[in-house]
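Novice: The residues making up each chain are set out below.
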Amino acid sequence: MSTTTADHTEDHAHAHGHGLGEAVTHDAAKFGMWLFLGTEILLFGGLFAAYALFRAKYPDLFVEYHKNLDLEKGVFNTFVLLFSSFTMALAVLFAQRKKQLYTTIFLAITFVCGAIFAIVKYFEYAHKFEDHIYPSKNIFYALYYMTTGLHMIHVFIGMIIILALLGMNMKGKFVKGRYTPVEVGGLYWHLVDLIWIYLFPLMYLIG
Amino acid sequence: MSIENRDHIEEHHTNIWSYVFVLLALFTLTAFTVLTAIKVDIGSLNIVLAMIIASVKASIVALFFMHLKFEDKLTWLYALYPLFLLFLLIFFTLMETFTRVPVLK
Amino acid sequence: MANGIAADSTYESYLAKKGFTAWALTTDHKRIGIMYLITISFFFLLAGVTALLMRYELLTPELDFFSTTTQYNVAFTLHGSLMVFFFIVPGIAASLGNFLIPLMIGARDVAFPRLNLLSYWVYLVGTVILMTALAQPADTGWTFYTPYSVETGTNVILITLGVFVLGFSSILTGMNFIVTVHKLRAPGMTWNRLPLFIWASYATAILQLLATPVVGITLLLLIMEKSLDIGFFDPAKGGDPILFQNFFWFYSHPAVYIMVIPAFGIISEIIPVFARKPIFGYRAIAYSSFAIAIISFFVWLHHMFVSGISETAAAIFSFLTMLVAIPTAIKVFNWLATLYKGSIEFHSSMLYALSFIFLFTIGGLTGVFLGALAVDVHLHDTYFVVAHMHYVMIGGTVMGFFGALHFWYPKWFGKTFNELTAKASWFLVFVGFNVTFFPQFFMGYQGMPRRYATYPEQFQSAHVLSTYGSWILGLGIFIMTVNLIAGIFSRKVPEGNPYKSLSLEWQMPSPPPHNNFEDIPIVTDWTYAYGKK
Amino acid sequence: MTSWIPESASNLASNVDNITLFVTVLSVFFCVLISFFLIYYSIKYRRKSENQETAYITGNELIEIIWTVIPSILLMVIFAWGYIAFRELKHPPADALEINVIAKQWLWQFEYFNGKKSINEMYVQKGRPVRLIMRSDDVIHSFFVPQFRVKQDVLPVNYSQLWFTPTKTGTYDIYCTEYCGAGHSKMLGKVNVLSPEAYARWERADEFGGDAVAGGSDLPPAERGENLYSQRGCNACHSLDGADGVGPTFKGLFGREEKLVDGSVVIADENYIKESIYVPQAKMVAGYAPVMPAFKGILSDDEVTAIIEFLKTQK
Ligand code: HEA
Ligand code: HEA
Ligand code: CUA
Ligand SMILES: [Cu+2]
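Chains as they are written, first to last, in the numbering used here: chain A, 3 to 209; chain B, 1385 to 1489; chain C, 10 to 542; chain D, 58 to 372.
Source of the hints: derived by calculation from the structure; they are not laboratory data. Watch out, some of these pointers could steer you wrong.
Below, in silico cross-link-like pairs of lysine-lysine (DSS-like), each with a Cα-Cα straight-line distance of 25 Å or less [to be verified]:
hint, chain 1, residue 1, chain 2, residue 2
1, A, Lys69, A, Lys59
2, A, Lys130, C, Lys509
3, A, Lys178, A, Lys59
4, A, Lys123, A, Lys32
5, A, Lys139, C, Lys432
6, D, Lys147, D, Lys105
7, C, Lys541, A, Lys69
8, B, Lys1453, A, Lys69
9, A, Lys130, C, Lys350
10, A, Lys139, C, Lys235
11, A, Lys32, B, Lys1457
12, D, Lys372, D, Lys243
13, C, Lys350, D, Lys183
14, A, Lys75, B, Lys1423
15, C, Lys350, D, Lys316
16, B, Lys1453, A, Lys32
17, C, Lys235, A, Lys59
18, A, Lys32, A, Lys75
19, C, Lys246, A, Lys59
20, C, Lys541, D, Lys369
21, D, Lys247, D, Lys173
22, A, Lys101, B, Lys1453
23, C, Lys432, D, Lys247
24, D, Lys247, D, Lys316
25, C, Lys541, D, Lys340
26, C, Lys509, D, Lys101
27, C, Lys432, D, Lys105
28, A, Lys100, B, Lys1457
29, D, Lys308, D, Lys147
30, D, Lys340, D, Lys316
31, D, Lys369, C, Lys509
32, D, Lys147, D, Lys101
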């Protein structure tokens, strides 16, 4: 193939060395995260498919046992998670606007929301275990524990990411215009929310 | 789309109020879906309604919070294709299971 | 061929830095590629030796080499899962893909170099988990079908956990490659100029990205089923064992194309170089990889034609199976047409490429037998299937892989191997392979079931032939391995571009410099402009 | 040419063979075509000089369309034909004789409409359609008779079925073709296709396993026991040569001291063996899984006696 060497225009001065242009890194990271979200959807997809199958097979079982779930805690957690998505979006916005303090505040709120979600979920699980309701009880509970459990793992990962973002923000990384990590981390957090948006009605609101 | 060494990142200028609005919409829809689930009984359509509401919520989150609205076609493609595959997985698995002909004894 | 990417005074090969951490912690895609190459080759040889043991057992109808049938069952489980999950699926995609993609598109590295290193380590963790499982390995077959896999006392959990972990590595690699191809192509490297290996790697990456999570969750469910006693797949608890098969094949059918599409890419690189001809029907080959990548997501039920699925489901999936053969057929004919009016040189890698066409065609055509409903009822789970899959996986993928090893060897190491020995080992591999697996088609049609540690006497003569073949094959691979290893220690230094290839990776010194390109090249023509006036 | 095709002994076989033949002819054609060009081009266009001219050909639409369309059409034909034959496999005639098949690790049990039962040996009548209604007691198995070209997985969830009309008398192998564990390759059986007269005799015989045909009841007990050992599938789990299988070896079993799971020791005498066969889980030998099927109702007292006599000969 015919090739010529690039001129040393101003643009290519950046290509020299290791760094790609900031915009390329940004686009690449964001695009990469979207791809990853696709795999996450399919990871949960297996569970959704299992849900659809067993729900269609045993509608009564699902209706019967979902009543034992704690609807109030579920609703509360839904609001918490939606709100955290909102604060995460704001954190990204303020990072873009180079408002370090606001970014910190909203990241922190998001983290706290994640923690509240986890605590409430902990009480839900604990309560179930007290009643000797384990995943092995029946298919509905197996699905309940698997889906919410896997979701919980994602919440934890999201919280770790937020902590890392907080750290970067404190160091003033985003103020210098390199806010790619917040935006990408934000995408991940929103996915956690997205999945819950479906899990909530599927688990708590059937009947 | 090949390597370009732009240093300027395009920003989407959403403002805070539109996020607040989105949040309120999400809250309202959540309340709505809980209420309809408790109060309204339309049989097997219950789940359909709940799923429609969930999808509206999910779209709102994706479009606004996740800025999908501002993304290029490629991102859209990779956001939607997994959903299509998910649909296939669910559809064909159900189809396979429920078309199995019971063997009469 | 104007090119300004010649070595300059500051040239330092990517191999120059020595030391453990310089390798283990490198983010250089070339080093990571080499590390993958070594690891997967190790697993290939390990699984190959297992296969030789199995073949040895099958010399006679009775159980004589292994002391229990379970040992034989463990052997084919190990053989299958090592070959599939540890060698062939991550194999070409991760090893050659890593080395070649940035070089071929004119980039300095993949989009996320550190993630790339992470993928490798995740892969390694997966293999370590598997190694610990070797103490008491599973005996389920590589398909882990429930309910047997739930019932058996052998260690299914560790082996599936290993595969589960490995899945993440595949996903991350796939994601990395897609982003790389989209965002990091050199100026002028438009889609229509891309080498076909890139198109193939891209299509593979889509499959890796979107099919792997499903097997991930499936195996996770299996692990939960075994450890937490839940009942998704257990009929006694209201579960459905066939659901497992649906999930498993939703991944594992696309996975067979993860195995073979990169090999398609390799063949599309080797043939034009040694025929000195542009590839025939560039677009058809490029797009058909995508057609395969898309259609292959909805043919999975063809592995379940006799599991009790309905006629409707069977009909739809048999039809779609036929569809997936079309884009493959197109490729085969295009490669053939590329030879027309060429100037063909029989380098060892070209021999592998040509035998690929022949052997893969046989493998693919026998896939059509299996796709035809009534015929599959007879052939399912017989040695016909074993023969089919080895023809596509060895005759296809492994031939492509060996071809690539010989083709890019000078590029990787700046050394070369003994060409005559390479040709001789190719001959042994080709003959041995056919002697091993061709008789299995007949055995299969006569009804010899697969996964049989002992078998009825009437099949013995075919089995004996097959076992003899495996010895020839093993010898061929042994010689090839020794030859390739010896090459590294030889002092022969090949020219920079020994085959006069036009592809970007050959326009730089071998082995490539640490940073690939001093200046990012600007591409002005496509990769296959051989003989252009 | 036809030697690799197994004998066809059912009404469904010829159809499958015809499709196979069709696909084989096509495949051979394409293979020969491709190898021909591969070799011809390789010879004709081999590199003769380093600077040999090559043609700059990048494609040709017409020929690409041709080689897309023709295989597509052929593939559709193969699909359609395969499907038509598959439909036939799936639709048993209404008057088919029903046989219940129970698969378990690792044997086949057959139950006939008249209450007869047999293990690993199935009896059918030539020319009379049979419908098998199958289920599994444990994992998935698969019922396969190559000469009939039929195969069907046997599931623990729901019944599955399979039908055929045997067209030749004789004895054919039954294989289990879904991997089911240690005894998978030993999970073999036989279909005995009987002439109408022989079948009528078998029906009348009031033996459990239908030995009127296998010709066992008039043999000396030890020999009869030896037949039963393979016919009833004991050989899937118990060896005669001392090798440890799924179950303990029969070599030297009679009179041996066996350690049970509860720690006690028993001597394998007639009563213990009889109990082990009828109610295997009553006294479990240490070190083995509780997988042996109960043969109560399957083996008659006479047959058990014969097996015990046979065991006595296994020193
Ligand atoms: C590299 C891996 C690979 C590839 C590429 C393929 C390719 C194909 N496979 Fe294969 N397959 C496997 C790996 C692969 N397979 C494995 C591992 C198994 C067993 C899994 C297990 O159970 O353990 C399996 C099993 C398997 C089955 C299930 C069998 C059974 O268990 O009952 C089926 C059924 O339809 C099938 C079909 C096909 C088809 C139609 C193709 C097609 O893509 C082939 C297309 C190619 C051609 C058709 C040849 C070229 C075309 C021409 C020359 C044109 C002219 C052609 C015609 C007119 C027909 N395969
Ligand atoms: C990439 C995929 C791949 C590859 C390359 C192979 C390669 C081989 N396979 Fe395998 N095979 C599978 C994938 C593969 N297989 C799968 C998925 C199954 C199904 C498993 C299941 O049912 O669950 C299977 C099943 C399978 C069976 C059926 C078992 C059964 O159903 O009972 C058989 C039997 O003949 C077999 C044989 C062989 C042989 C002889 C080779 C040969 O090609 C091997 C060649 C030999 C070597 C590679 C060794 C050479 C090395 C040396 C001699 C040592 C040299 C050492 C140094 C130089 C350090 N394979
Ligand atoms: Cu029963 Cu295999
Ligand atoms: Cu397949």
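Novice: All hints are to be evaluated individually against the structure, with a verdict given for each.
Specialist: Hints versus structure:
1. Taking the CA atoms of Lys69 of chain A and Lys59 of chain A, the gap is about 18 Å. The hint holds against a cut of 25 Å.
2. The suggested pairing of Lys130 of chain A with Lys509 of chain C is violated, with an alpha-carbon distance near 70 Å, which exceeds 25 Å.
3. Only pairs whose Cα atoms come within 25 Å are accepted, and Lys178 of chain A paired with Lys59 of chain A is rejected, the gap being roughly 56 Å.
4. Our distance criterion of 25 Å between C-alpha atoms is broken by Lys123 of chain A and Lys32 of chain A, whose separation comes to about 30 Å.
5. For the given pair, Lys139 of chain A sits about 62 Å from Lys432 of chain C by alpha-carbon distance, which is inconsistent with the 25 Å threshold.
6. Distance hint between Lys147 of chain D and Lys105 of chain D is unfulfilled; the C-alpha atoms sit about 60 Å from each other, more than 25 Å.
7. A C-alpha spacing of about 74 Å is found between Lys541 of chain C and Lys69 of chain A, which places the hinted pair above 25 Å, so the restraint is violated.
8. The suggested pairing of Lys1453 of chain B with Lys69 of chain A is violated, with an alpha-carbon distance near 38 Å, which exceeds 25 Å.
9. Proximity of Lys130 of chain A to Lys350 of chain C is assessed by CA-CA distance (about 75 Å); at most 25 Å being required, the pair is judged violated.
10. Simply put, Lys139 of chain A and Lys235 of chain C have alpha-carbon atoms about 14 Å apart, close enough for the 25 Å limit, and the pair holds.
11. A hinted pair counts as satisfied when its Cα atoms are at most 25 Å apart, and Lys32 of chain A with Lys1457 of chain B qualifies at roughly 14 Å.
12. Distance check on the hinted pair: Lys372 of chain D and Lys243 of chain D sit about 23 Å apart at the alpha-carbon level, within 25 Å; holds.
13. At roughly 61 Å between alpha-carbon atoms, Lys350 of chain C and Lys183 of chain D are farther apart than 25 Å, so this suggested pair is violated.
14. Restraint check: the Cα-Cα separation between Lys75 of chain A and Lys1423 of chain B comes to about 19 Å, which is no more than 25 Å; the hinted pair holds.
15. Distance hint between Lys350 of chain C and Lys316 of chain D is unfulfilled; the C-alpha atoms sit about 78 Å from each other, more than 25 Å.
16. Pair hint Lys1453 of chain B plus Lys32 of chain A holds up; C-alpha atoms about 14 Å apart against a cutoff of 25 Å.
17. Of the pairs offered as hints, the one joining Lys235 of chain C and Lys59 of chain A holds, with about 23 Å between alpha carbons and a cut-off of 25 Å not exceeded.
18. Pair hint Lys32 of chain A plus Lys75 of chain A does not hold up; C-alpha atoms about 34 Å apart against a cutoff of 25 Å.
19. Restraint check for Lys246 of chain C and Lys59 of chain A: satisfied, since their Cα atoms lie roughly 13 Å apart, inside the 25 Å limit.
20. Between Lys541 of chain C and Lys369 of chain D, the direct Cα distance comes to roughly 87 Å. Violation of the 25 Å bound is thereby established for this hinted pair.
21. Restraint check for Lys247 of chain D and Lys173 of chain D: the C-alpha separation of about 16 Å stays at or below 25 Å, so the hint holds.
22. The suggested pairing of Lys101 of chain A with Lys1453 of chain B holds, with an alpha-carbon distance near 24 Å, which does not exceed 25 Å.
23. Our distance criterion of 25 Å between C-alpha atoms is broken by Lys432 of chain C and Lys247 of chain D, whose separation comes to about 49 Å.
24. Between Lys247 of chain D and Lys316 of chain D, the direct Cα distance comes to roughly 35 Å. Violation of the 25 Å bound is thereby established for this hinted pair.
25. A C-alpha spacing of about 84 Å is found between Lys541 of chain C and Lys340 of chain D, which places the hinted pair above 25 Å, so the restraint is violated.
26. Annotation: proposed proximity of Lys509 of chain C to Lys101 of chain D holds, straight-line Cα distance about 22 Å (limit 25 Å).
27. Our distance criterion of 25 Å between C-alpha atoms is met by Lys432 of chain C and Lys105 of chain D, whose separation comes to about 19 Å.
28. Between the alpha carbons of Lys100 of chain A and Lys1457 of chain B the distance comes to roughly 28 Å, so the proposed pair goes past 25 Å and is violated.
29. Simply put, Lys308 of chain D and Lys147 of chain D have alpha-carbon atoms about 45 Å apart, too far for the 25 Å limit, and the pair is violated.
30. Between Lys340 of chain D and Lys316 of chain D the alpha-carbon distance is near 10 Å, which keeps this suggested pair within the 25 Å criterion.
31. A hinted pair counts as satisfied when its Cα atoms are at most 25 Å apart, and Lys369 of chain D with Lys509 of chain C does not qualify at roughly 79 Å.
32. Taken as a hint, the Lys147 of chain D and Lys101 of chain D pair is broken in the structure, with Cα atoms around 52 Å apart against an allowance of 25 Å.
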